[in-house]
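Chemist: As they're listed, the protein sequences go chains A and B.
For the first sequence, the numbering used here assigns the number 377 to the last residue and increments by one with no breaks.
For the second sequence, the numbering used here assigns the number 129 to the last residue and increments by one with no breaks.
Since the hints were made in silico from the structure, they are not lab data.
Fair warning: there could be bad hints in the mix.
As the list claims (entries may be wrong) - The calculated label-pair distances, taken between Cβ atoms and stated as ranges, are: (1) B:7 - A:190: 40 to 50 Å; (2) B:18 - A:72: 21 to 31 Å; (3) A:126 - B:87: 44 to 54 Å.
To be verified - Far from chain A, by Cβ distances over 10 Å, these chain B residues were calculated: (4) 18; (5) 49; (6) 69; (7) 83; (8) 94; (9) 107; (10) 119.
Please read all numbers here as calculations on a predicted model, not as lab measurements.
Built from N, CA and C at the ideal position, the CB exists for glycine as well.
Next come the chains, spelled out residue by residue.
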Amino acid sequence: MRAAIIGAGESDRTPKPGRTAIDMAVESSLQAVADAGIEWAEIDGLVTGYSLAERHLDFSASLSEALGLQPHWSQTISRSGATGASVVVDAALAVLAGACTTALAVWADNRVSGQPEDMAGVLAASLSAFELASGPLITTQYALIAQAYLNRTGATVEDLASVAVQFRKHAALNDRAKYRTPITVDDVLESPMASSPLHRLECALVTDYGGAVVVTRADRADARAVDLLGFGEALSHSSILRNRDLFFTGRTAAAESSRQAYEMAGLGPGDLQMAQIYDCFTITVLLLMEDLGLCERGQAGVAVREGFLDRDGSLPSNTHGGLLSCGSGGILHVTEAVRQMRGTAGGHQLERRPQSALVHGNGGILGAQTTLILGRR
Amino acid sequence: MAPSTTDPSVALWQAWAAGHLCLQGCTDCSRLRHPPSQLCPECHSTHWSLVDVAPCATLVSWSTVHRAPAPAFAGDVPYTVAIVSIGDAALLEARVDPALPPAALSPGMQVGLTLGEIAGRAMPIVRPA
Chain A
1 MRAAIIGAGE SDRTPKPGRT AIDMAVESSL QAVADAGIEW AEIDGLVTGY
51 SLAERHLDFS ASLSEALGLQ PHWSQTISRS GATGASVVVD AALAVLAGAC
101 TTALAVWADN RVSGQPEDMA GVLAASLSAF ELASGPLITT QYALIAQAYL
151 NRTGATVEDL ASVAVQFRKH AALNDRAKYR TPITVDDVLE SPMASSPLHR
201 LECALVTDYG GAVVVTRADR ADARAVDLLG FGEALSHSSI LRNRDLFFTG
251 RTAAAESSRQ AYEMAGLGPG DLQMAQIYDC FTITVLLLME DLGLCERGQA
301 GVAVREGFLD RDGSLPSNTH GGLLSCGSGG ILHVTEAVRQ MRGTAGGHQL
351 ERRPQSALVH GNGGILGAQT TLILGRR
Chain B
1 MAPSTTDPSV ALWQAWAAGH LCLQGCTDCS RLRHPPSQLC PECHSTHWSL
51 VDVAPCATLV SWSTVHRAPA PAFAGDVPYT VAIVSIGDAA LLEARVDPAL
101 PPAALSPGMQ VGLTLGEIAG RAMPIVRPA
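In isolation and in its complexed conformation, chain A is listed as follows (with noise of 0.2 Å):
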């Protein structure tokens, strides 16, 4: 038995003064169940993640009441940047284990109109106090690994800007990504030093976002869905301390769920039509495409400069463009990936629509990982 996701929305991601992490996992919500056709009735599901901005005791509770929801199973989870894709994982579970039925699974957070205006508090939260003491952001612990990598594996700085650089050119062709203006390498690295080696333009973006995708079991599910053909979880650590091998060998707990996920569908990596890769930062996607099988280790970087990730390329990736260029939000790789292979991701869609499709989020510093395969019928 499998599961099958049958409709995916996402929610307008413009800021405005007052909007809600609520209201976006609202709209995300009312667009995927209306694009599975199904009658709100049949939801008796429900998982969300978590919001930085807004407090809530239980978010899928206040979003249950939004929805007029009473469900039979519903939870809230934080996997931080891995929660997009672990919804879907656990929503499956629970369809599969036959807790419900037909669940949605939600992420949404307002994190620019909410305005979260105690940020130190969630650098706090992210970080252990021995890491915090002297004085690193959140993109210096990326940044540690990221020079790490390059002094072991010889890559370049132009290496990682070629990343920002590939999935600005996709954002380009979406008209709900947030920067569409094409730049090059030398933008990259000419923009300012956030932490080094990282620049400002080699940085997640943060913007408000909502997606959700509506999650049943694969014998309910029509023609046109999209089926959950393998997932896996992994994690190694909280602290990047506690983990040499993010400086060592670059190895990520990413290789462990992607070997599961592997596994659980029959496929390899050279089975796959597209990819949607969490991508916080140009590192991120070096590393997680080496521990996803997708290239030899230390060539992540030679592989997407010669347009690998392209949506012209041997596997399009971020299509997007990401949260590099597109939005934040780890949810919106996964409903980037539904409407890829429905076919109705609009202006971007991809000329061939995928038959087979990876979806990969990453958490913490690099600690959490969620790898999800997808199928067509």
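Go by the hints and put chain B onto chain A.
Modeler: Just chain B, lined up with the frame of chain A:
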């Protein structure tokens, strides 16, 4: 050294503030670990103590921060933060003394450690070997 608290993080901050360059070690398998934790990741023992470490380490990586994350660090910008390895066991994140400019850093180089103060808090600082 006998810690004065059962919380290993509090104990380590207190020891650093008292001038002891030390890390948490497992009293059963003797593995060092950092940041401190209740159980040993190697043998899951709950028994630990703070162990003095030599004031030297191996440079693993570094990054120069150009925008402070909080007002307490704003006066120091730009500053360099490093990951260093104590032996081949524990990794430490520490500020790099300006006497070691980024251009002088290379992976695997030996560096010294000294207790100093960053934003009012006593902690190890990376200095020339």
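Chemist: So the hint says 40 to 50 Å: do the beta-carbon atoms of residue 7 of chain B and residue 190 of chain A match that?
Modeler: Given about 46 Å between the Cβ atoms, the range holds.
Chemist: Could you see if the CB distance from residue 18 of chain B to residue 72 of chain A stays within 21 to 31 Å?
Modeler: At 56 Å between Cβs, range violated.
Chemist: So residue 83 of chain B supposedly isn't at the interface. Is its beta-carbon more than 10 Å from every beta-carbon in chain A?
Modeler: violated, 5 Å
Chemist: Report holds if the minimum CB distance from residue 119 of chain B to chain A is greater than 10 Å, and violated otherwise.
Modeler: Given that some Cβ of chain A is not farther than 10 Å from that of residue 119 of chain B, nearest at about 7 Å, it is violated.
Chemist: Beyond 10 Å on every Cβ pair: is that true for residue 69 of chain B relative to chain A?
Modeler: violated, 5 Å
Chemist: Is the distance from the Cβ of residue 126 of chain A to the Cβ of residue 87 of chain B consistent with 44 to 54 Å?
Modeler: Hint violated: Cβ distance 28 Å, outside 44 to 54 Å.
Chemist: Holds or violated: is the Cβ of residue 49 of chain B farther than 10 Å from all Cβ atoms of chain A?
Modeler: Nearest chain A Cβ is 18 Å from residue 49 of chain B, so the label holds.
Chemist: Taking the shortest Cβ-to-Cβ distance between residue 94 of chain B and chain A, state whether it exceeds 10 Å.
Modeler: With a cut-off of 10 Å, residue 94 of chain B comes too close to chain A, as the shortest Cβ separation is near 6 Å.
Chemist: The output says residue 107 of chain B does not contact chain A. Does that hold with a beta carbon cutoff of 10 Å?
Modeler: violated, 4 Å
Chemist: Minimum C-beta separation from residue 18 of chain B to chain A exceeding 10 Å: can you confirm that?
Modeler: holds, 16 Å
Going down the numbered hints, you'll see the structure goes against 2, 3, 6, 7, 8, 9, 10, while the others check out.
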